[in-house]
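Chains as they are written, first to last, in this note's numbering: chain A, 12 to 291; chain B, 12 to 291; chain C, 12 to 291; chain D, 12 to 291; chain E, 12 to 291; chain F, 12 to 291.
Quick caveat, the hints were computed from the structure, so don't treat them as lab data.
Keep in mind that the hints are not guaranteed to be accurate.
Because identical chains cannot be distinguished in the list, a pair is counted as satisfied if it fits within a single copy or across any two copies.
Said to hold, decoys possible - In the EDC-like style, the derived pairs of lysine to aspartate or glutamate whose C-alpha atoms are separated by at most 20 Å in a straight line are:
no., residue 1, residue 2
1, LYS49, ASP39
2, LYS55, GLU189
3, LYS177, GLU216
4, LYS55, ASP93
5, LYS21, ASP74
6, LYS101, GLU57
7, LYS164, ASP39
8, LYS240, ASP228
9, LYS55, ASP228
10, LYS290, ASP85
11, LYS145, ASP228
12, LYS164, GLU289
13, LYS55, ASP283
14, LYS55, ASP85
15, LYS177, ASP39
16, LYS145, ASP283
17, LYS240, ASP210
18, LYS177, GLU289
19, LYS177, ASP283
20, LYS145, GLU24
21, LYS240, GLU57
What you are looking at is a predicted structure, and each value in this text was computed from that prediction instead of being measured.
6 protein chains.
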Amino acid sequence: MSLLTSHTLKLLEISLIEDIGSGDITTDSLIPSGLMAKGTIIAKSELVLAGLEVAQAVFHRLDPSLSFRALSKDSSRLKRGDRIAAIQGKARPILTGERLALNFLQRLSGIATLTAEYVRQVQGYKVEILDTRKTTPGWRQLEKYAVTVGGGKNHRFNLSQGVLIKNNHLALVGGVREAIRIARQNIPPLMKIEVEVRDLAQVKEAIEASAEVIMLDNMSGQEMTEAVKYIAGRAWVEASGAINADNIRAVAQTGINFISLGRLTHSAPAVDIHMLVEKT
Amino acid sequence: MSLLTSHTLKLLEISLIEDIGSGDITTDSLIPSGLMAKGTIIAKSELVLAGLEVAQAVFHRLDPSLSFRALSKDSSRLKRGDRIAAIQGKARPILTGERLALNFLQRLSGIATLTAEYVRQVQGYKVEILDTRKTTPGWRQLEKYAVTVGGGKNHRFNLSQGVLIKNNHLALVGGVREAIRIARQNIPPLMKIEVEVRDLAQVKEAIEASAEVIMLDNMSGQEMTEAVKYIAGRAWVEASGAINADNIRAVAQTGINFISLGRLTHSAPAVDIHMLVEKT
Amino acid sequence: MSLLTSHTLKLLEISLIEDIGSGDITTDSLIPSGLMAKGTIIAKSELVLAGLEVAQAVFHRLDPSLSFRALSKDSSRLKRGDRIAAIQGKARPILTGERLALNFLQRLSGIATLTAEYVRQVQGYKVEILDTRKTTPGWRQLEKYAVTVGGGKNHRFNLSQGVLIKNNHLALVGGVREAIRIARQNIPPLMKIEVEVRDLAQVKEAIEASAEVIMLDNMSGQEMTEAVKYIAGRAWVEASGAINADNIRAVAQTGINFISLGRLTHSAPAVDIHMLVEKT
Amino acid sequence: MSLLTSHTLKLLEISLIEDIGSGDITTDSLIPSGLMAKGTIIAKSELVLAGLEVAQAVFHRLDPSLSFRALSKDSSRLKRGDRIAAIQGKARPILTGERLALNFLQRLSGIATLTAEYVRQVQGYKVEILDTRKTTPGWRQLEKYAVTVGGGKNHRFNLSQGVLIKNNHLALVGGVREAIRIARQNIPPLMKIEVEVRDLAQVKEAIEASAEVIMLDNMSGQEMTEAVKYIAGRAWVEASGAINADNIRAVAQTGINFISLGRLTHSAPAVDIHMLVEKT
Amino acid sequence: MSLLTSHTLKLLEISLIEDIGSGDITTDSLIPSGLMAKGTIIAKSELVLAGLEVAQAVFHRLDPSLSFRALSKDSSRLKRGDRIAAIQGKARPILTGERLALNFLQRLSGIATLTAEYVRQVQGYKVEILDTRKTTPGWRQLEKYAVTVGGGKNHRFNLSQGVLIKNNHLALVGGVREAIRIARQNIPPLMKIEVEVRDLAQVKEAIEASAEVIMLDNMSGQEMTEAVKYIAGRAWVEASGAINADNIRAVAQTGINFISLGRLTHSAPAVDIHMLVEKT
Amino acid sequence: MSLLTSHTLKLLEISLIEDIGSGDITTDSLIPSGLMAKGTIIAKSELVLAGLEVAQAVFHRLDPSLSFRALSKDSSRLKRGDRIAAIQGKARPILTGERLALNFLQRLSGIATLTAEYVRQVQGYKVEILDTRKTTPGWRQLEKYAVTVGGGKNHRFNLSQGVLIKNNHLALVGGVREAIRIARQNIPPLMKIEVEVRDLAQVKEAIEASAEVIMLDNMSGQEMTEAVKYIAGRAWVEASGAINADNIRAVAQTGINFISLGRLTHSAPAVDIHMLVEKT
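Isolated chain A (complex conformation):
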């Protein structure tokens, strides 16, 4: 599916309205409407590129006659100075769209770049880096896409795409075993059940109740290793909570299948990208 689903198009429209308001006074008062120009988008730091299709859509919404030529592609690793895309046509829409297109590219590439860094750190282990639902509201689809561009894998897209019994659910239902039993009765046939656990006792309950995926929340490396050994392939194992650049390799070593990281999407710093405009 293209990135430009009806959802993304709605975010794009909101974004254009909020940035343009009643018009780009600076550009409209300075630049003759017929003046032609060329804008070149350029990386100002090392980065993994993500979001070209959205940047292009920004310019095409402003002026369908602009030519947008990609000079790199999503998932490319760029260094400072590499050219990303060239836009040619009327100067006004190029100038008006610049900031919004860059805002999309800088954020999505920031996420791809950070994801790629974590993927690199666990290289050699059979573990996959997962995202979470801790995405920027309104940006779920774009940010989950950027994670895959960086080499990560997507966890469930939203609350309807899988059962994940968390600690707050357990607090109301009474225990891992009981929760899995109730859920099993009520869910559609194509759904697996994942449960979040905090100690080995809960891991055992989960396995006995046939959970398909077990999330080890905030466990020590030692506990995780024991849990993986006990589970022994009877369920997928996911590690989550307080994992960062310092300890991720140790976590990978425990043998778990997935490491999920909220920070991929809620705290990835923007990478630096700019645009140079010249007459044509």
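Go by the hints and put chains B, C, D, E and F onto chain A.
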């Protein structure tokens, strides 16, 4: 104006749709529809709080009968363990709304916290910390609000709220003097003109053309000091570009009026906030 | 989750606009705006009721001050003459909303009634009646709800809520085994895989490739019995295609776990419900 | 006017969102994005075709580059095996759009087929088959179109397109004569008045008050014949209520001008149509 | 039906967004958020009031807690200085909503005032003043309402609410008789046919073809008198085109039934209304 | 920026829906769907043309295959009989779109024509004619555009595009000096401050508080002359209130910089434009 403008409400609706999809299977299959509960939102790190009104709106959109009681307020400085709000009512909407409410709070408080840190660093100087248009697309209003919560001040909201002639405009128009002259003829009577300059020669042109605000882009401390001295109150002066925790105090010392920082909004890391749910 | 999600509310709004147009000329020209009345909704045939919440929403959108009192509830089995609900207040919105409220009730109760009939026919067998994606476009949520009201169970809500490899996929990918292998690599951890098969050879491939659910499409009773025996609990088994009142009990006897029926939603006839209005 | 009015496009968009959710996981995980294919839509039962334009729109919304070639046209009478349309292009959007396109075609063709059957049954009489406002909420325009495709004629589109005084109005206003008198004073000059009556006394009142159309509701054949004789061309006569395949010819014989049937739209069973996909 | 249909609410929302933009800077920077005030809306010229419900809706959309007390009502004839409404509550939303509320009131009251003037001029004749489809795009419902407030009557609401064969239709179809014949075959049973004619020959054709309404377009008083005499009650007669304050009484004298006036809605000058705000 | 922003497109969509309803019965019942025609839009009075792009958009929304050829252009001064545009293609959408396209053109050209008249009257003086926020709700962008077409200049677009302290603000804040002082502290750096004053004392306060623009509200020519003399270039001066064709030249003579006129947008009468359709 309340934060909950039609724009914010649209973002909120998109966010609910993207996170809930066709329903929260986990909660709906586990939790009886009549079960009552209480959720407490708690800070897990030091932070400046922002976004309570949006968090409340998330829960009220899911179930207008939920009681949402604020236990802190926006702009409060909290420490780990401080309680932020208590939500009481049906357990299902509390669990379903948890993640989205936290996603809003964590991001907005992250921005307020980072802004407050920069404001603290320039204390003692007569300088104001400004945001930019480098906000998350769709979030302009929320993020600019969070900046004010952290003690910063808002630059123009969008392209229609002020004239800011940037380098790319100059490249097409031919020079600072000429650009200001053309703009002056075409803009509404209530608009000031700001121009981005890169050296002292441009500063002089700007002053001679009566620019009301001058943005010193990526200048050294030495150059900024000279520029401020030359300008001598004839225009407001804004410093921008490559300013960070290491050099911000030096920049403030030059006597400029404003420091604008894209990173307040495009790179503020989320702060850690969670929710505990219990039966009532 | 309430039936009145943002999606259902959008369908409701479209429906009001299409039925009212620029105004109910008959009612507005005949009935004084202050006249009060009472409308009683009554079953005119045997039925299983579904959709009360939507009927109520129709009247409340037209006039929030109308009192809507349910006299039956969803999933009740009613006979001709049973009263369903009473609406009191201004006569105009009661008359204007009548047809739309009944259109919702008649269709949803029709689906619940037909589903209940199929559920009754397989009583005594450990089989569940499932719906499909063959719902009325725009009505997915309402119709799937009506199926559960009738005692059926929901299959996946949409294309993002589970993997179901159908014959047309197989035609392009090359075979059951290959298809399951490729899908397994690419899907999120919480997804199961279902595959549609047409003969015993494909059943074996599916089991060897560890499909979690197997759909027997248009198989004879004999073939289904063999398939179930071969599968022996290693996967869930779903029967689909050309199942109707005449053969459903035979299908249930084969030991399959699920029977899915497009006709529950695409061909359920409306049940007969009307409203009587009187002065108050 | 094309079927694809802004209303139909909104229904189409809602339908795509509800069926695709966050993406077609099966297709996206199995089928390479560049793979090309051809889908052929084929009738699996006898039917009168309706809705080709909507089916085409489904595929074009998913991928404007798909080629959609109609092989039959709306109002054609098809037999099992007849080809309806061929779609060529990328395999992914063909597979993703299949179910929704078929859901539209099966329902609309079902209505056209049932209408054609009733039209056939009254052949030889000067009577027209009319639809009602008992359409599927959200589908008014599409279903009324399908009725005309089947040879029926449309009654008023909605509450603003004609005055139809029904029994519930009479209950509040006090009688046929009085109701027609009041309505006549208040309606725009281009509006006729129709009134629903239940016995001959009301027919006389209606004629004396110059009703332009009289609806005979649930009358016996004997009563209808008398009514038609009494009216003698002074108003159009419409028969309504409890008319079905068994008695429709007898109703037609009474000499009435119109027979209106709710079941054309609220209870037409879907006809069977499927799609075969193959590599190209 | 209330004025506040979903259509009017959409216009209201668009209007608020376009006038407020990213916020009322003047009010928000000057007025403390807790300051309470009272605004009084006052007529500054003679006028017939229309639109109170919309004015109230403007303030309630900005702040549901504002108290809006009507001091006059729609269709009241006011003189300079008469008080229209009082709004009490927070000062900010009163100031922010002032202009938009007045813009609605001034335009709608302008239309009601002009309509009342034309109605006054034809007093004593059995003729009704009609509006046309020459309304401000987006305002059809509001403006047609204002016409009725002024004592006029509504012609068809839109293109679906009646058949009006105009000169441009005739140019393509070939003549009055032929056009009426074709239309009669194709329209729903509740529709009348009106035809626009320019001379007596066409009037005769129209009568012979049983047109229900005849519009005399741009005819002289002499011709109109003859036409009315010839028609002799066999159809309604509407006069249209180039009718103004100077000749309307003469037109009324010809005995026609309706006079339609585009200027009621496309050229009514706004009346003068203002608001005074004071502390409370 | 093109006139066809997302805002204008929304107004256009609302307008089409309100005028077409469920379909153009007259045209659809009379005109064969394949008939081709040509429509010519012609001025029926002297006018300054504005709005061609919107008229074209009306026809293209109805049928993208229509050819729309402009024969004049916006800001042209036309006389009776001059041709404005020619539309060729299917007859149906030409007839259906005629009224809406004309409604846009007549209103916008009416505003441009009236503005041009006022601009003509002040010729020879260094004064500019400004619009106000007294525009038709929903039409801000279109009407402000029409003002520029007529030679006028735009005041602030909305409440977020400039600070204008009006009498009602002063009533709550306490005085010109105090109001300007408070506003100055709170507004973004690119905003100027305008204040509305009623006498010379307030003018002096405004100058002492360094207001950038001063609006003289309802002052006599004598007072205005004194005010301008006192201000002596230290602020821009705007005259407003009760200015019309009789006194505008006298106002211009006082030396003020701007004259703002609400009547340009709230009371400009529509100009007369029609369309002739013929077969091709």
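Verification of the hints:
Only within a single protomer do LYS49 and ASP39 lie at most 20 Å apart by alpha-carbon distance; the minimum there is 17 Å, versus 36 Å between protomers. Proximity of LYS55 and GLU189 under a CA criterion of 20 Å is satisfied in neither setting, with 54 Å inside one chain copy and 30 Å between copies. In this assembly of identical chains, the alpha carbons of LYS177 and GLU216 lie at most 20 Å apart only when taken from the same copy (14 Å versus 36 Å across copies). Taking the closest pair of Cα atoms, LYS55 and ASP93 come within 20 Å of each other only inside a single copy of the chain (8 Å); across copies the shortest separation is 40 Å, beyond that limit.
For a Cα distance limit of 20 Å, the shortest separation of LYS21 from ASP74 qualifies both inside one copy, at 17 Å, and across copies, at 18 Å. Taking the shortest alpha-carbon separations for LYS101 and GLU57, neither the intra-copy value of 30 Å nor the inter-copy value of 35 Å comes in at or below 20 Å. Taking the shortest alpha-carbon separations for LYS164 and ASP39, only the inter-copy value of 14 Å comes in at or below 20 Å, while the best intra-copy value is 44 Å. Taking the closest pair of Cα atoms, LYS240 and ASP228 come within 20 Å of each other only inside a single copy of the chain (16 Å); across copies the shortest separation is 41 Å, beyond that limit.
With identical chains, the CA atoms of LYS55 and ASP228 are at most 20 Å apart between copies only, with a shortest distance of 16 Å across copies and 38 Å within one. In this assembly of identical chains, the alpha carbons of LYS290 and ASP85 never lie at most 20 Å apart, being 28 Å within a copy and 28 Å across copies at closest. For a Cα distance limit of 20 Å, the shortest separation of LYS145 from ASP228 inside one copy, 15 Å, qualifies, whereas the shortest one across copies, 35 Å, does not. In the homo-oligomer, the alpha carbons of LYS164 and GLU289 never lie at most 20 Å apart, since the shortest distance is 40 Å inside one protomer and 30 Å across protomers.
In this assembly of identical chains, LYS55 and ASP283 lie within 20 Å of each other by CA distance solely inside one copy; the values are 5 Å within and 30 Å between copies. For the homomeric pair LYS55 and ASP85, the shortest alpha-carbon distance inside one copy (16 Å) is at most 20 Å, but the shortest distance between copies (36 Å) is not. For the identical chains of this complex, LYS177 and ASP39 are inter-copy neighbours only, at 13 Å across copies versus 53 Å inside a copy, given an alpha-carbon limit of 20 Å. For the identical chains of this complex, LYS145 and ASP283 are inter-copy neighbours only, at 11 Å across copies versus 23 Å inside a copy, given an alpha-carbon limit of 20 Å.
Taking the shortest Cα distances, LYS240 and ASP210 sit within 20 Å of each other inside one copy (14 Å), while across copies they are farther apart (40 Å). In this assembly of identical chains, the alpha carbons of LYS177 and GLU289 lie at most 20 Å apart only when taken from different copies (13 Å versus 54 Å within one copy). Taking the closest pair of Cα atoms, LYS177 and ASP283 come within 20 Å of each other only across two copies (18 Å); inside a single copy the shortest separation is 37 Å, beyond that limit. Taking the shortest alpha-carbon separations for LYS145 and GLU24, only the inter-copy value of 17 Å comes in at or below 20 Å, while the best intra-copy value is 23 Å.
Neither within a single protomer nor between protomers do LYS240 and GLU57 lie at most 20 Å apart by alpha-carbon distance, with minima of 40 Å and 37 Å respectively.
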